[in-house]
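2 protein chains.
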Amino acid sequence: MSKLVLTIGEILAEIIAENQGDGFLEPIPLTGPYPSGAPAIFIDQAARFGQPAAMIGCVGDDDFGIVNLDRLRRDGVDVSGIAVDPELPTGHAFVRYRPDGSRKFVYNIKHSASGRTRLTEAGRAVLGRADHLHVMGTALFSPSLIETALSAVDTVKTRGGTVSFDPNLRPEMLRLPGVADAVAEFLKSADLFLPSGEELFLFAPGKDEPAAIAELLDGGLAAIVLKRGSQGASYFDRERRIDQPAFRVEEIDPTGAGDCFGATFVSCWLQGLAPELALSYAAASGALAVTRVGPMEGTSTRAELDAFISRADTEKAR
Amino acid sequence: MSKLVLTIGEILAEIIAENQGDGFLEPIPLTGPYPSGAPAIFIDQAARFGQPAAMIGCVGDDDFGIVNLDRLRRDGVDVSGIAVDPELPTGHAFVRYRPDGSRKFVYNIKHSASGRTRLTEAGRAVLGRADHLHVMGTALFSPSLIETALSAVDTVKTRGGTVSFDPNLRPEMLRLPGVADAVAEFLKSADLFLPSGEELFLFAPGKDEPAAIAELLDGGLAAIVLKRGSQGASYFDRERRIDQPAFRVEEIDPTGAGDCFGATFVSCWLQGLAPELALSYAAASGALAVTRVGPMEGTSTRAELDAFISRADTEKAR
Chain S
1 MSKLVLTIGE
11 ILAEIIAENQ
21 GDGFLEPIPL
31 TGPYPSGAPA
41 IFIDQAARFG
51 QPAAMIGCVG
61 DDDFGIVNLD
71 RLRRDGVDVS
81 GIAVDPELPT
91 GHAFVRYRPD
101 GSRKFVYNIK
111 HSASGRTRLT
121 EAGRAVLGRA
131 DHLHVMGTAL
141 FSPSLIETAL
151 SAVDTVKTRG
161 GTVSFDPNLR
171 PEMLRLPGVA
181 DAVAEFLKSA
191 DLFLPSGEEL
201 FLFAPGKDEP
211 AAIAELLDGG
221 LAAIVLKRGS
231 QGASYFDRER
241 RIDQPAFRVE
251 EIDPTGAGDC
261 FGATFVSCWL
271 QGLAPELALS
281 YAAASGALAV
291 TRVGPMEGTS
301 TRAELDAFIS
311 RADTEKAR
Chain V
1 MSKLVLTIGE
11 ILAEIIAENQ
21 GDGFLEPIPL
31 TGPYPSGAPA
41 IFIDQAARFG
51 QPAAMIGCVG
61 DDDFGIVNLD
71 RLRRDGVDVS
81 GIAVDPELPT
91 GHAFVRYRPD
101 GSRKFVYNIK
111 HSASGRTRLT
121 EAGRAVLGRA
131 DHLHVMGTAL
141 FSPSLIETAL
151 SAVDTVKTRG
161 GTVSFDPNLR
171 PEMLRLPGVA
181 DAVAEFLKSA
191 DLFLPSGEEL
201 FLFAPGKDEP
211 AAIAELLDGG
221 LAAIVLKRGS
231 QGASYFDRER
241 RIDQPAFRVE
251 EIDPTGAGDC
261 FGATFVSCWL
271 QGLAPELALS
281 YAAASGALAV
291 TRVGPMEGTS
301 TRAELDAFIS
311 RADTEKAR
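Protein chains in written order, with this note's numbering: chain S, 1 to 318; chain V, 1 to 318.
Calculated from the structure, these hints are not laboratory results.
Keep in mind that the hints are not guaranteed to be accurate.
Since the list gives no way to pick one copy over another, a pair counts as held whenever it fits inside one copy or between any two copies.
[Said to hold, decoys possible] Pairs of lysine to aspartate or glutamate residues, derived as EDC-like cross-links and limited to a Cα-Cα distance of at most 20 Å, are as follows:
id, residue 1, residue 2
1, LYS316, GLU276
2, LYS104, GLU87
3, LYS104, ASP61
4, LYS3, GLU297
Bear in mind the structure is a predicted one, so any value in this text is a computation, not a measurement.
The shape of chain S in the complex, shown without the other chains:
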């Protein structure tokens, strides 16, 4: 039986600067609105991979909300848990890449409709059907959202469901009230932990990689997937370590790659696929994500990932 994966968090309209540079201090060419928000990208990728998928969130009563709802609906996401706030605008993020690959943002999330994300009646209904909950650190930007996410984790775990956690945290977020404690709490409840790079050491400071992994697995995680960007990824459980190289692609826009990777891995894991296969699908999903401009434009179906992987295998064999 197919498991329903649910996520909670921010939904944004993203506006992308056409040219590299530092900031938004004069009129420049832009493109948007693109549907966005890390949890929204995650859930869109899960649905496109074929996993039953639903989201709890909140958008404004404006075009930017419609852009997101339409896209998620079209891609098969159950949006019944996404509220439309009559007053606050849909969150937005302007993104500009600097020449060094880092990004400059001008954004409004906390004081947008996303800041009003709550467990509404419709949200509770979809939570009541969820087999798995995916929590992302980006969604923890306000104490009320932390509370909502913690209560959802509780509900799912109590019913015997599973939880995955992707810290996806900018370092400054850890200093926000309640965030560090909440991250520890999510980690305690999680079955699957998906850190990127240094995030592995968030709660194992001063340790080396094997020691940090061992400590985290001792804490009760079923598995850890460490994302290393263009360096590939590694899967760890009590018995195994499996390394997955990254697929080589031309990077057009890296936004959303980690979210797509995570969504595809979680979907495979829920479907009981072997970790080797799950890692390969996830890496392909992350690779395809960076080849398209726009955060949610690079999500892929399972058939697209199969085709991409077999093409990559053929090229390697030459």
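Assemble the complex: chain S is given as a structure, and chain V must be docked to it using the hints.
Okay, now just chain V, sitting in the frame of chain S:
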């Protein structure tokens, strides 16, 4: 002695769609951020015309706030009364022209830093030096702003200063709590009233133009300037009616034209120029505004207006 003109209200970053269409439902080419907000455009034009000018407002601690502060400062506006809110984002408006010339907006003003516009200590200091206050209807989007503007009107009038009022109201705004009453209040205190088209009849419903004008002048206004867009403008006081045709220009972007017209007229009026000359400068200012993309990009210096008017006269004489 040069009189200081002050305005209060919203400051926005504007993002303009490159192509006509109805709304923001898919990624489209955009350009921005442009400094914007009707009162900000007004005060920028007043300063560029050479009038001592100051503004009370509030921006966020972000690039969109910097874009506005830098532009206003560069053009000579005293920005000491503009607060920087540490939390809320600078207001923004996405604008797309429909083929019929009407506009579709996606915006956030009320829940942006502009919604926190208050009489701070710095604001009170600049209000204490103001000889003239210009109030715009767009600035009345929240009860606290109405209160701030009414209190500022009181301060300026008590000290023997003058007030101008430009309703600049979308019809739906009149239904917001307190707006209709506030408009009546501003009209009662105003020396100069600058309605556009149908706004003349806001408080004289069912009357024809001469009757509405007569009633308004009886109410205590020194003068009325009726803006008719591409149909020109008319000046009325107890003795005279003066008509001013519009200058013919190629319309590129009409946003801000009425604000520029108003700022130039008010500046001329404060400088004691004859109404014929004030109308001519104001019409030139509105005409030049529509020839540039961007709401505040079309503001003009007095020298630029002189050159434009003499060019137009030469062409007419041919």
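Can you list which hints this structure breaks, lowest number first? 4
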